[in-house]
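Sequences and hints are given; from them, build the entire structure.
Number of protein chains: 2
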Amino acid sequence: MAGPLNAFVPDSNAHLAGTDDGPLSGLTFAAKDIFDIAGHVTGCGNPHWLATHGPAPANAWVVQQLVDAGASMVGKTITDELTRGIFGENMHYGTPVNPNAPGRVPGGSSSGSASAVAGHLVDFALGSDTGGSVRVPSSFCGLYGLRPTHGRIPLDGMLLQAPSFDTIGWFARDGETFARVGSIILPQGPATQRPQRLVIAEDAFELAEPATRAALEAVLATVRPLFTASSALRLSPVSLEEWSGHQQALQSREAWESARDWIDEVNPTFSFEVSDRYAMARSVTDEQIVIAQAGRDAVIARMNEVFDGGDVVVCLPTTVSPAPLIGQRVSERHTLRLRNSALTSIAGNTGRPQISLPLAEVDGLPVGLSLLGDYGADERLIELAQEITG
Amino acid sequence: MAGPLNAFVPDSNAHLAGTDDGPLSGLTFAAKDIFDIAGHVTGCGNPHWLATHGPAPANAWVVQQLVDAGASMVGKTITDELTRGIFGENMHYGTPVNPNAPGRVPGGSSSGSASAVAGHLVDFALGSDTGGSVRVPSSFCGLYGLRPTHGRIPLDGMLLQAPSFDTIGWFARDGETFARVGSIILPQGPATQRPQRLVIAEDAFELAEPATRAALEAVLATVRPLFTASSALRLSPVSLEEWSGHQQALQSREAWESARDWIDEVNPTFSFEVSDRYAMARSVTDEQIVIAQAGRDAVIARMNEVFDGGDVVVCLPTTVSPAPLIGQRVSERHTLRLRNSALTSIAGNTGRPQISLPLAEVDGLPVGLSLLGDYGADERLIELAQEITG
Chain A
1 MAGPLNAFVP DSNAHLAGTD DGPLSGLTFA AKDIFDIAGH VTGCGNPHWL ATHGPAPANA
61 WVVQQLVDAG ASMVGKTITD ELTRGIFGEN MHYGTPVNPN APGRVPGGSS SGSASAVAGH
121 LVDFALGSDT GGSVRVPSSF CGLYGLRPTH GRIPLDGMLL QAPSFDTIGW FARDGETFAR
181 VGSIILPQGP ATQRPQRLVI AEDAFELAEP ATRAALEAVL ATVRPLFTAS SALRLSPVSL
241 EEWSGHQQAL QSREAWESAR DWIDEVNPTF SFEVSDRYAM ARSVTDEQIV IAQAGRDAVI
301 ARMNEVFDGG DVVVCLPTTV SPAPLIGQRV SERHTLRLRN SALTSIAGNT GRPQISLPLA
361 EVDGLPVGLS LLGDYGADER LIELAQEITG
Chain B
1 MAGPLNAFVP DSNAHLAGTD DGPLSGLTFA AKDIFDIAGH VTGCGNPHWL ATHGPAPANA
61 WVVQQLVDAG ASMVGKTITD ELTRGIFGEN MHYGTPVNPN APGRVPGGSS SGSASAVAGH
121 LVDFALGSDT GGSVRVPSSF CGLYGLRPTH GRIPLDGMLL QAPSFDTIGW FARDGETFAR
181 VGSIILPQGP ATQRPQRLVI AEDAFELAEP ATRAALEAVL ATVRPLFTAS SALRLSPVSL
241 EEWSGHQQAL QSREAWESAR DWIDEVNPTF SFEVSDRYAM ARSVTDEQIV IAQAGRDAVI
301 ARMNEVFDGG DVVVCLPTTV SPAPLIGQRV SERHTLRLRN SALTSIAGNT GRPQISLPLA
361 EVDGLPVGLS LLGDYGADER LIELAQEITG
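Chains as they are written, first to last, in our numbering: chain A, 1 to 390; chain B, 1 to 390.
Calculated directly from the structure, the hints in this document are not laboratory data. Some hints could be false.
Covered by chain B, per the in silico footprint, the following chain A stretches (three or more residues, Cβ under 8 Å) [claimed, not checked]:
| # | segment |
| --- | --- |
| 1 | 85–92 |
| 2 | 262–271 |
| 3 | 276–288 |
| 4 | 324–331 |
Just some of the chain B residues that point at chain A, by a computed CB distance under 8 Å [claimed, not checked]:
| # | residue |
| --- | --- |
| 5 | His92 |
| 6 | Asn267 |
| 7 | Pro268 |
| 8 | Phe272 |
Using C-beta positions, here's what the derived DEER-type ranges look like [stated by the list, open to error]:
| # | chain 1 | residue 1 | chain 2 | residue 2 | range |
| --- | --- | --- | --- | --- | --- |
| 9 | B | Pro4 | A | Asp11 | 27 to 37 Å |
| 10 | B | Asp286 | A | Ile289 | 22 to 32 Å |
| 11 | A | Ser283 | B | Gly151 | 28 to 38 Å |
| 12 | B | Glu287 | A | Met280 | 16 to 26 Å |
| 13 | A | Glu176 | B | Ser331 | 45 to 55 Å |
We put the CB at the ideal spot given by N, CA and C, even for glycine.
Set out below in structure tokens:
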């Protein structure tokens, strides 16, 4: 069994005791089952992956940093299959419970990590974010969660899905714990200044469901005073959906290249939804890739304009709604995934950091407000989070 | 466990005692797990199908005929998932053993039925044949197997895959048992004459691997004398591969229509190979369907010419080779499936009956010779089989 909340990987006893006198001593954490733990097989949310791989030779870089700093790893958490998904319904291992939204998905693909933190089973947890896999469960479970600057945290010892988008992130229930973890796993970055200008992304707010939009806009009243200036503008001259399409194409191609040889050899069982995404990925043409790469370049150029001056932070909804109900139809979930991707792909396409803050509720269900920062400003986002919520 | 040879469905105790004084009394049989057995869930080779369906209210028509005639059903046999496959490697339940070709696939999708008969666990077994699912395992396991005239045997109580191609077939080790079963489950058909003219399908023989072609052509020396005339001709004015493409398109569309609602609701786990076929099926366009339907009409017209006069039987290889090794790559199996489909789709597209006979071996591995008959001439094919092998 996967233990309380169905958050943990079944039949794994992986754990690592932290040192006694480190800055994180006394804290417990869980790691998404895509991070290597020496001597254990990294299962990646799929029984065939588990059965066709051997034990990891070493701990993932990020795990080792945390243990060396005193945190104790108490378990591996369930992930969407090979990180393909943002809702957390794993058809092999079940759906981790969302303690803050009963009957609803926890979000994915870092589903078990978000569940374990929200359910007070651990103090914090590691996830990964390629297309939203930390930010979405943060929003749905009411947690702090960061997608860092792309390339900032070394990915050694972690399953890669789509390398030009892959990042490591983490979850916590409070800003202080969140910041303590960041101080350990964020390597020294460039000097950055505290953002003074708040930009409200109008086109992003328009994508949210009306009640979610209203709840998040109400929070802006407490966020604006922390900045010397605030303004509203549209990020995309075309549409955020079109921007998202570029990530869909590029991420799909990279994901297929990452997995194709293993899939061809093993013929693994996936949920239909996951296989379907790989099958569609395989059909992306080289011409579509060229178009998407040019489109991604245009997104980057436009967002460089928005961030011109360097002291900007962009505010947007993390997700279009609170967590949906468990067990929706594949076709409904597909539509909802694309709607959320229009929000999550802004950071994805550009590689900028984005933090989701548990600041709002709709009918008692959590939904996150996000701050998108400039390259390397991960620590500034974490500090802003503490200013806003502390 | 699936019992001896991994032929039987695990955790099923479905069995039906035959009457004591019927024409089949004393014979045992097994039924592919797509035939309803009253009070048991029909699993169709997929655990999610099993979990999302209730017990069958009644026995399938064909099963009831056999039991009423005295045969005893002793178990349900493993099938490729939802009958999608011709090799028999089920990623959920494993691969039934091919007793006559160790280390090689039994053929599918009626894999467990062929395995159980070839391994002497039962006297005969029921399968189904949409794209080759009785003929291919007959060839690979060295058995008698018939795909009957389309529409001849009622499909009530059986999983439908692609209704314009679906048929019920059966396996036996000897011609006499094979004929006894046919006398029970083939409803009265039109009067037909014993074929006197043998047509050797040159383009079909050319598709077989050289050693298989040589082994099957050697058998023709014993087949030809049973006919008053024999000739060789090319069946297709274009190519058998192009003919097969029409069945691929039409069968795919029908299979997707049969399964789409359940897939959308349940998000079942399939092997990647099976999901991929459904994903590709969904992408078949209406324009492709129109072209395929016209192509199928042309196949039917051409084969009506070949059978003009009514006393013809067409001889062709059942498969392009003996059973391939277990565990080939998905992409290799895909290629090999299409090569075999060029042979099996002649009966599929036209709805004509085809019997596979265990008449040849290549390096000790069985491979079948097929006789393709005119509409309703199923009994004549069975009689010819006994003439040839008796």
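Against the structure, the hints:
Coverage of a stretch by a chain is defined here by at least three residues with a beta carbon nearer than 8 Å to that chain's beta carbons; for the segment 85–92 of chain A and chain B the count is 3, and the condition holds. Here the segment 262–271 of chain A counts 8 residues with a CB under 8 Å from a CB of chain B, which clears the bar of 3, and the coverage holds. Given as covered by chain B, the segment 276–288 of chain A passes the check, having 5 residues with a CB less than 8 Å from a CB of that chain where 3 are the minimum. Coverage of a stretch by a chain is defined here by at least three residues with a beta carbon nearer than 8 Å to that chain's beta carbons; for the segment 324–331 of chain A and chain B the count is 3, and the condition holds.
Given the 8 Å rule on beta carbons, the hint for B:His92 holds: about 7 Å separates it from the nearest Cβ of chain A. Annotation: B:Asn267 was flagged as interfacial toward chain A, and the flag holds, the nearest CB pair being 5 Å apart, inside 8 Å. With a least beta-carbon distance of about 6 Å to chain A, the hint placing B:Pro268 at the interface is held under the 8 Å criterion. Checking B:Phe272 against chain A by beta carbon gives a least distance of about 5 Å; that is within 8 Å, so the hint holds.
For B:Pro4 and A:Asp11, the Cβ-Cβ distance of about 29 Å falls inside the hinted range of 27 to 37 Å, so the restraint holds. Distance hint for B:Asp286 and A:Ile289: a CB-CB separation of about 28 Å, consistent with the stated range 22 to 32 Å. Between A:Ser283 and B:Gly151 the C-beta distance comes to about 36 Å, which sits within the given range of 28 to 38 Å. For B:Glu287 and A:Met280, the hinted distance range of 16 to 26 Å is satisfied, since their beta carbons lie about 20 Å from each other.
Between A:Glu176 and B:Ser331, the C-beta spacing of about 52 Å keeps the proposed range 45 to 55 Å intact.
Going through the hint list in order, the structure satisfies each hint without exception.
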